[in-house]
Structures are given as C-alpha cells and as structure tokens.
Amino acid sequence: MTLTRRHLLAALPALGAAGLGVGFVRMLHGLNQGHFDPRAINTPLTGRPVPDFPALPPLSDTPSSPPGLTRGDFQNIKQPILLFIWASWCLPCVEEIPFIRHLATSLAIPQSSHTAPLALWGLCYKDHPTQAAHWLEQAGHPFTRLGMDREGQAAIDWGVTGVPETFLIMPDPQTGGRIVWHGTGSLTDTLYQAHIHPQLETVP
Amino acid sequence: MATLATIFCPEGGHFALALACALAFMQGILPLIGLRRAESPLITLARPLALSQCLALLFAWACLIIASLGDDFSLKLIAETSAINKPWAYKIAGLWGNHEGSLLLWVTLLSLWCAGLALLPAPTTARPEALPPRLRARILALLGLVGAGFSLFCLTASNPFLRLWPVPADGMGMNPLLQDPGLAVHPPLLYSGYVGFAVPFAFAISALLEGKADALWARYMRPWVISAWALLTLGITLGSWWSYSVLGWGGYWFWDPVENAALIPWLTGTALLHSVLVVEKRSLLQGWCLLLAIATFAFSLSGTFLVRSGILNSVHAFANDPARGLFILGLLGLYGGGSLLLFAIRAPALPSPQTGFSPLSREGALLLNNILLCTLCAVVLTGTLYPPFMQLLFGRTLSVGKPFFDATTIPLTLPLLAIMGVSVALPWRQARTDKLLPRLAPALLVTAGNILPAFWLFPTPLAAFSALLALWVISAALCDLILRLRSLPVGDRKLHHLPRSLWAASLAHIGVGVTILGLCGMAGSQERLIEARPGTHTTLTGRDWELTALTAHHGPNYEAVEAHLTIRHHNAHGPILATLTPEIRLFPQQGQRTLHVAILHRPLEDLYAALGSVKEEHDPQGQSHYTAILRLHENPLASWIWLGGIIMALGSGLHLLPARRRLLRMKRQVQA
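So the sequences go chain by chain: A and B. First residue of the first sequence? That's 1 in our numbering, and the numbers climb one at a time after it. First residue of the second sequence? That's 1 in our numbering, and the numbers climb one at a time after it.
No wet-lab data here; the hints were simulated from the structure. It cannot be assumed that every hint is accurate.
[What the hints assert, rightly or not] Lysine-lysine pairs mimicking BS3-like chemistry, simulated, CA-CA at most 30 Å apart:
no., chain 1, residue 1, chain 2, residue 2
1, B, K435, B, K494
2, B, K212, A, K126
3, B, K494, B, K402
4, B, K494, B, K281
5, B, K435, B, K281
6, B, K615, A, K126
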C-alpha cells in the first residue's frame, strides 16, 4: 500500500483529535493537581503593584470628557487613587451611583488636614458609550480619569471577576502605584469608613 | 403503595442499571459475532436485547422517580438536589438537572433510540425501503457498544443510586433558577438530539467496516439524521428562549462554552443533513459525509461531557473526582478517536468519484454550503477552545466573547444565506443559466423591492442587509413551492400533493429566514436601566412606561416583590398598551434570589421588563419610600428567533411522515 494524498487527508481528523485529546488530558491533570483553573484570573493581591494593562481610550474626544487610562498614569501619582470598575448595564453599579455622587461631592470640598486628598478614577467595563455617558451623568461626572475597556481585556489584567469592583492605589515611585485594598460589589459608606478612610490617614 | 415502593425500590433501580449495562454489552458483541460467522440466531438477538435494555433503564427511572416523589433522602442524589417543599413536578424534572441523573438520561435516551430502531417493521414487498435486518443488527450492535461504555461509567463513577448515611431530615433543595418549566423540558430535548446523532454515527462506522457508503446507505441513514437534527434544533431553541425569558439579561445567546457546545454539533449536523443528499442522489462526497457523521457525534459527546468536566466551564464541576474526568476522556478517546482512526485507515479505500462537479448545480451549491458550515463550526470551535489552550500552553488567561464571534460568524453566514436561496432553484448535475434566472426572478424581485424599506426599518446597514438576505431565502423557498405546485398535473394541484421532502426542505429554509429576521430585529433593541419610585414615568422609543406600584406577596417557598408597570402609547396621557408585572423572588432556604421577567410578546416586538432590586429609604420625616431598579427593553421581532427554530424543527420533521404514495397504497389495501 502506498501512501497517497487521500491517506494523508483521511488521517488529518484523527491527528487533530489526538492533539486535542492530549491537551484535554493535560488540562484535566492540571485541574486535579490544582495548577490549572480555566476560570482563573490574575488575582492582584493587595500589596502588589498595579498590573500592566492595555491603554484605555477616553469616553469621547471632547475636551469635557476625562482623559483615558494607561499604566503610565499610575507612575507619577502624588495622591491615593480610588479606581472604580463599573458598567451601566450592571444593577449594583446603578445602586452604587448615590454613594459615588456623594463621595465625589464631599471630595470637592477641601479636606481636613490629616487625610490625603483622594482622586476617583474609573474603568468602564464592556459598555456602550451612550449608556456609559448616561450613567456618568447620573453620578455627576465623578471621575478625573476614565478608561473605556470595550473588550474587557484590561479587566482581566486587573483580575476583575464581576462589576462593580473597587481598588485603592497608593503612590509608590519604585513600582508605580501599589494596590492596598480591593473590594467586590457596590462600595457603601460603611465599607468606605471601615476600609478606605483608615488607609488615607496613614498617608503622610 | 407499600408494594409499589418495594418493587421500585432504589436497589431495584440499581440492579436494573447493572442489568442494562450487561445487556448493552451483549447487544454490542453478540450480533457482531453473528454477522462475522453468519449465524442468524445471534444476529436476531440484537432486537430483543435492545428492547430489554430499554425496559431495564425505564425501570431504573421509575425507581428513581418514585424515590424522589417519596422524598427518600437516603439517596445521595435526592438529598443533594431535592427538598420536601419542592413542587412535585420539579421533584421529577430535578432528577436530570445534575450530573448523575443527566448521564442516566443520556444512556436511557440512547436505549430509546435503539428501541425505536428495533421496533421498525422489517422490509416487505410493500415497504422495500425499510432497513434490512443485517444492517439493522449491525447498527444496533454498534449503538450497544456506545451504550455499554456509558452505562458502565454510570454504574461505576456516577451512580445515581448511591445511598447516604446518616439520612438527612430534609434535602438541600434545588437551585431556584432551575425551577422553570422550560428547563424541565430543555435537557431531555437537547439530549435526545445529541444522542440521536449516535445513529448516523453507527451508520458511518458500519459503512467503514463494510467498505461501502452507497446511495442506498444514505437513503437508510437520512431519516435518522433529520430526526436527530430536528430534536437538537428544538433543544437549542428552547435553551435560547429560556435564557431570554428566565435569566432576565435581555439577551438570547451569550456565546458561552455551554451554548457553543450545542451549536458546534448543530452546525456539523446541518452540513451532514445536506451532504447525505449528495451521497444519495449523486454518489459523491461519501468520505466527507462519513467524516461529518463521526464528527457530529464526537462533538455531541464532547459537548455533553467535556463542558461538564470543568475544562471549559466549571459550573458543574465533577472533575474534582479524577476517576470521573479520566473515565470520560477515555470514553471520548475510545469512541471519537477510535472511529477517526478507523476512518483514517478505511476511508482512502472508498471508491473515488468518477464524475466531476459542476459548480452551478444542486450538488455544487450543497458542497459550498458544507464548506461554509464547517468553516463556521471551526471558527466557533476555535473561539471556544482558544482560552483554555492559551492558558495551558502559554499560561495566559483571556476571554473570547461576542466581538470575536460577531466579527467571524456574520461574514460566513451571509454568503450561506445567499446560496440557500439559489440552491433550491438549482437542478442536480448541471444547471442552465437561461432556465435558472426565470426561476429565481420572483424572489429576486421581492428582495429588490424591499431594499429601501429594509434600510429604513433596520437600525444598521448590516442588519438591513442580513434581513434582505433572510427575505431572499424565504421568498426563494416559497417561490420554489409555487413553481413545483404549478408543475403538477392540473387536476392534482394541491399543496399536500407536493413531495414531503420538498415541504420539509422549504419549511426548514423558511425557518432559518424567520430566525435571521428575528436576529436582525434584535440588533435594534432598546434598553434602559432606571431607578424609579412609584409614579415615575420613563419614555422608551415613543412610549411611556409608568411604575404604578410595588407590592409584596408570599409564595410556597419564597417571598416576592412585584413591580406594576403601565405602558402607554405616545405619552403619559396616551391609551394604555399593556401592563407588565416583573417580580423578584427570594428563596430563604438557598439564600438566593431569582428574577421573574415580564414579557409581552407582540407580533412585531417584545416589551420586556425585569425588576432588579428594591430599596427602602427613610426621609427626615421618618416615612419610608421604596425605589425599584428596573430594566426596560423593547425588542423588535424577538419572538421570531424562536418561531423560526420551531418552524425549522417541525418542518423538517414532516419528512418523517409516510410518503403520499405509501398512504395511497395503504388506503387501497384497506379498501380491498
């Protein structure tokens, strides 16, 4: 029997299936050993530097829109940053609006001397620009920087498992920003007073 | 009752499952030995073995159902998924909502397909087209081998009859999200489609073993492909409708690995459905058709099991048990890999086609259809497997979602729709352009006449263009029906005198067109997320939505809040169009809440409202105010998506009805 083109073609599906099979066996092995998790996201533990993520464009090019968000923006920060990851299509993010509005208003008023001024930045996750703009309108345009993560790639780098999530980032010239606190779900005043306010008092 | 419970006790079910496994092995081995040695007693054993295996599995189900209805929490499966206060219908339907039960369902459905094959009448002079006994024995044996592996798995690694000690006083309850009539019917339908593709798979293996896949073989196989395809279509349609109307996210397809796992075999199954025709009519593409039959079943198997193994999605994590995951992969390797190996060895020896293809012919169009469908399938497969393989090979996590699938599947679907319209007008072998154009002219005119309205009505040029192609498919199918009707003799021009295969194909194509129109309409869906107090008005696409009241009520095992919405035409003073009452239910036992979406289906749009949450706020005077978060949607042509699916499935099912010729013959026999 000579090997013809027909033989090679007919063997292709079996070879492809064998490749997939080997991959699946390896994955299953990894699952059982605990070092392969298909739903794993790079969880940035608190205390780690800000992760690398693709540069995110602003909501629109108009001058009134806050600038977009890049990794480099964290390099030279002088004040703590509270980064909100949100989307207009998510119910808890809508429930979060009154608190964010309140926080943004109170930050605009000069702070007491012993807490560092806090800046609010936003990362808008897989959202439609017009609907995101509507959300921002309701929240009273709280963010001084806002990146649009249309594909959700930056959110994976940040280890986001579901919107809304909040990160507190402290200035750190060596690493370019360090995450000191991470919260999932809507941020409330209780959570803010319990976790974020104490951190701000430690900043010189 | 006591005696009934004694006969149908869990141990009885366990025994019946073991018996079914043994019978499946016998069904798989004995007829094959008989065929090899030409011993007809062994060959004739295939039918009784298949029937008794089916009976044993049905007995096992009866035991499981009686135990579940009797709240027998000494069974691990029932303690983990049921509870005393669960409605009785879900005590039954809940049995297949978990791994052990769904595997037993899988095996049982396979045995039902076998029983169906076994019960078909043997060929007689009046019915020469029935399956010949030797072929049937071979198919039953191959299906028996498939069933044997999976019932062995069921018995050893995933046994639904395991006992629990000490016996808990009440079960843990079922996920409230799954307590829905749609979800009670969805798994059996989807699974019967998945499992149904085992029959064409067995036909393909039998053809490879015998070394011939001729027109007659295709003729025997075709009804089985069509019935499995119709069931899979219905299952997918129902699943998509469930996610639209129960999950409350307003979407109908999320490109989730579980959904893709059903779409992939559907795509190859559709390609198989069309390539079988080419084998039957022109004796071409045999190897390709065999490969599709094998691939469809292999994808069905992977769809049912790999998805649940935790590799793609760990909602139903059972891979924590290494024995199960490896057993499943072993079975997949045995059936999928083994048959592909057989294909690699035997397929080159199949007779190669003597005649060439004319691109402008029915078979040419069907070949193009197959190429597009398989490319589509490859794209969906790549998008589904890319994330886990990237992580395995490069340790990178990423997500592949709607943008990728939209960008890749739409450009492949549009040409598919375009050739669907042309193909119905093409004859086999060689078409003549001068005859083709007049046949297509009415459909072309209808489509061209609607160009302006389409671009006016649909929100984006892409949606309008796709809708025009869908219209093209529908009008070409209708036009073909009319032309075929006119070609009948004058006295015989009745719709039901047209061949059933023509009806089946036309209706299936119309169904595709209707679904695509629905998808295009949904591209223009409007949604708004609002925070509202009773009395708040919102305007959405020229209609006024008012939240009139928020009320609370108690259910059997939940607490609920209802939002009452009134929708008026034009503005707040316009005539009332509809009232909708979406609701949230809180199940204290599971600490889980479910959304109950309110949908008003209208012919041209769905009005859809979901209540997200309700907040209580106190004003300085100490009075409490309630605020509801509502999601309002206006979804144009939404119900067409599922209507199209039903037309596809039921229409193609017409093919299975007895032919008119045979009906006439039967009538004559009765009269004589």
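Against the structure, the hints:
no. : hint                : verdict
1   : K435(B) <-> K494(B) : holds, 25 Å
2   : K212(B) <-> K126(A) : violated, 53 Å
3   : K494(B) <-> K402(B) : violated, 46 Å
4   : K494(B) <-> K281(B) : holds, 26 Å
5   : K435(B) <-> K281(B) : holds, 21 Å
6   : K615(B) <-> K126(A) : holds, 26 Å
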